[in-house]
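A.B. asks: Here are the chains, one letter per residue:
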Amino acid sequence: MSTQQTDNASYPRAEVSPPSGQLFPHKHLLGIWNFDPTTIKHLLDVADTYVEQNRQPKKSSPKCAGLTQINLFFENSTRTLMSFEIAGKRLGMEVTSMSTGTSSIKKGETLLDTAATLNAMHPDVLVMRHADSGAVKLLSEKMDCAVINAGDGRAEHPTQALLDALTIRRRKGKLHGQTIVISGDVAHSRVARSNIYLLNAMGARVRLVAPPTLLPKDVDRLGVEVSHRMDEGLEGADVVMMLRLQQERMQGAFLPSLREYYRFWGLTRETLSYAKDDVLVMHPGPMNRGVEIASDVADDLDRSAIEEQVEMGVAVRMACLDILTRNLREEDAA
Amino acid sequence: MITAYTNARLIDPASGLDEKGTLIVNGGEITEFGANLTVPEGAAVVDCQGRVLCPGFIDMRAHQVDAEAALAGGITTVILQPDQTTLIDTDPVVERIRNRSENAHTVHVYPMGAATRGMEGGELAEIGQMQASGAVAFTDCRKPVADSQVMRRLLEYAGYFGALIVQFPQDRGLANGGIAHEGEVATRLGFSGIPAMAEVIQIERDARLSEMTGTPIHFALVSSREGVEAIRAAKKRGVKVTCSTAPHYLHLNDNAMEGYRTFAKVSPPLRSEEDRLALIEGLADSTIDTLVSDHDPKSEDVKRLPFGQAAAGIVGFETLLALALAPVHAGKLDLITLLKALTATPAKLLGLPSGKLAAGAPADLVIFDPDKPWRIDRDAFRASAKNTPFDTLPVQGQVWKTIVGGEALYGGE
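As they're listed, the protein sequences go chains L and X. Those letters in the first sequence? Residues 1 to 334, by this note's numbering. Those letters in the second sequence? Residues 1 to 413, by this note's numbering.
To be clear, the hints were calculated from the coordinates, so they are not data collected in a lab. Fair warning: there could be bad hints in the mix.
[Claimed, not checked] Not the full set, but computed from the structure, chain L residues with beta-carbon under 8 angstroms of chain X:
1. Arg190
2. Arg193
3. Arg221
4. Glu307
[Said to hold, decoys possible] Derived coverage of chain L by chain X (criterion: at least 3 residues anywhere in the stretch with Cβ under 8 angstroms from a Cβ of chain X; other residues may be distant):
5. 135-141
6. 149-155
[What the hints assert, rightly or not] Which chain X residues stay away from chain L? Per the calculated CB distances, all over 10 angstroms, these:
7. Pro40
8. Asp83
9. Leu335
We put the beta carbon where it would ideally sit given N, CA and C, even for glycine.
With the rest of the complex left out, here is chain L (with noise of 0.2 angstroms):
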């Protein structure tokens, strides 16, 4: 390893609960960081029961009926987006969606702006992504209602972070302990980062592998280890997320070439070979066949849990909706 070995599985985090006694104490879902322990396990476990139920015939249930939810999405998503609307429509709520091509931004209109047109028509839930980070935050301190984060900047995803962490406990029983290689481009990705902040929190060895022009600067810092080779960094790991490469990367100043990415960090059957037999293989798609991920390991039944991400998706973003809705709803407020 290039860098220190910080053993988080030595040293858990405890977990107490929350002073207020509250297992979600906070107003909106901006991110992961900061999230205590406890606060993490409450949403996973609730995002478990609906699971089940996603997986019955009748899948809605008028639990938020009533409840207006609004999708505002700063920039292209469909994957998200349909997620986090299916969620809110199996949960029975009102659901609305605005993506950035019918939006005023484009008018020259300013987010807070935006924030306080969007205010006056009352929501209850707020979903938004937008390209900068810190931009949902700006947003939610201009709004009464909950505001999601589905995705800012580079900053945070923690929807998609949670979903990966519902994913890997399902499979591999729990967080504690395991070690999970994250590759490719860290730089630019909130997904890493809000992976980062929930791995660590709940006691797992996390591992950054990636060419150096795709790693920011002190990542260190933020406790992981850190390589910049497949087999070394793949070395004994439980779990491997690979990140989407996008395409401007691919070419320029950050890589020489697509070829060439593939050739020494593209996770293919030999680089898997070094990670334990049992090994899960996670992506947050889209992916670039052929570019970050070969198709044979995409595709290997045993191995990929990239489809059941989707599927936990859907349940992680109901837990939120359910959660951060609890206090307007009669049944359970009492």
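Once you've looked at the hints, dock chain X against the given chain L.
C.D. replies: Frame of chain L; chain X shown alone:
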């Protein structure tokens, strides 16, 4: 009209004078000062009650004149940056600013002219013409002159006129797209970074060009430990380099961006704690020559945006002294060294007659209480905008009176 400022702690950083005494002003000039002066008959007497009386501050870097705020900060001369609505890159613009200043009973304003035409870094601006009209130095403000050949010619040409070139030390390539100090905090908050090396590389290159051409160069707003070290090394080699920093770099590190606070967005970015401490040390040993406010009022419209889109800048006039006194109270900086960086050194670099206590010198003075505790209150600011990260901060040291050309333009009785 003769005024006697009695019972003052007279400090003249240029000569090192620090003694209790009286200072006499006649018209717009200092006539005499010292310990055992008799107050001339008929003079108006102002009892300073032991407060410090020293030359008024010369703020070498402001992006707006904001006179009322400047006076409240003890500033008697504002050096205006060329990045105005009408860019200061020709002599008529310089002349207009100088004329307006000379005809007004307020702070003195001297502009810096653009170093290159349109601040585009390509062709030299009319340095000789602008200097003749009253421009005191030449800079492309926040746009570093990137081309080495242009910088070399700029120095060669400016050398003939004895004009001071001011460079913003930031390598464009390394800083490209960056919005924060490259480090742990930026990584966690998801910001693209500007490494400290961007500053060092620019300083090293331009110090070499200064050495090659024999023309002095001044670096505006050094922000990193490595930057201070590069300046220290160049000075040791005998190169004629000088530099400045601003109080916010002495007071805050990159943790101030926590919670995506855009009030902490400045250019160059706030750096690490190690850098902050090195800057205080650099100021204390005079590696850093001058202290500037970098006063830059920005409205809420351009500040209350996502961090990446928000404008950089802090209003600095009214907090300049109190923030700068913090390392003095902490025992890490001499009061006289600090005052020198605010008065005598900028006056010398820019060739101004003020910045000293001397018979015949302009009566541009500030009287302040170095120990008085107060709390920064942005709502009480006179500045045209209130973008400060220091609201509600308890500080020590407050301006009591600001005197320009013998007239008390700020402060009570």
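A.B. asks: Taking the hints in turn, state whether each one holds.
C.D. replies: Against the structure, the hints:
1. Arg190: Nearest chain X Cβ about 6 angstroms off; hint holds.
2. Arg193: OK, holds: arginine 193 (chain L) within 8 angstroms of chain X, min 6 angstroms.
3. Arg221: This interface hint holds because 5 angstroms falls under the 8 angstroms limit.
4. Glu307: violated, 28 angstroms
5. 135-141: holds (count 3)
6. 149-155: holds (count 4)
7. Pro40: With a cut-off of 10 angstroms, proline 40 (chain X) remains clear of chain L, as the shortest Cβ separation is near 60 angstroms.
8. Asp83: holds, 23 angstroms
9. Leu335: holds, 37 angstroms
This entry does not satisfy hint 4, going by the numbered hints stated previously; all others are met.
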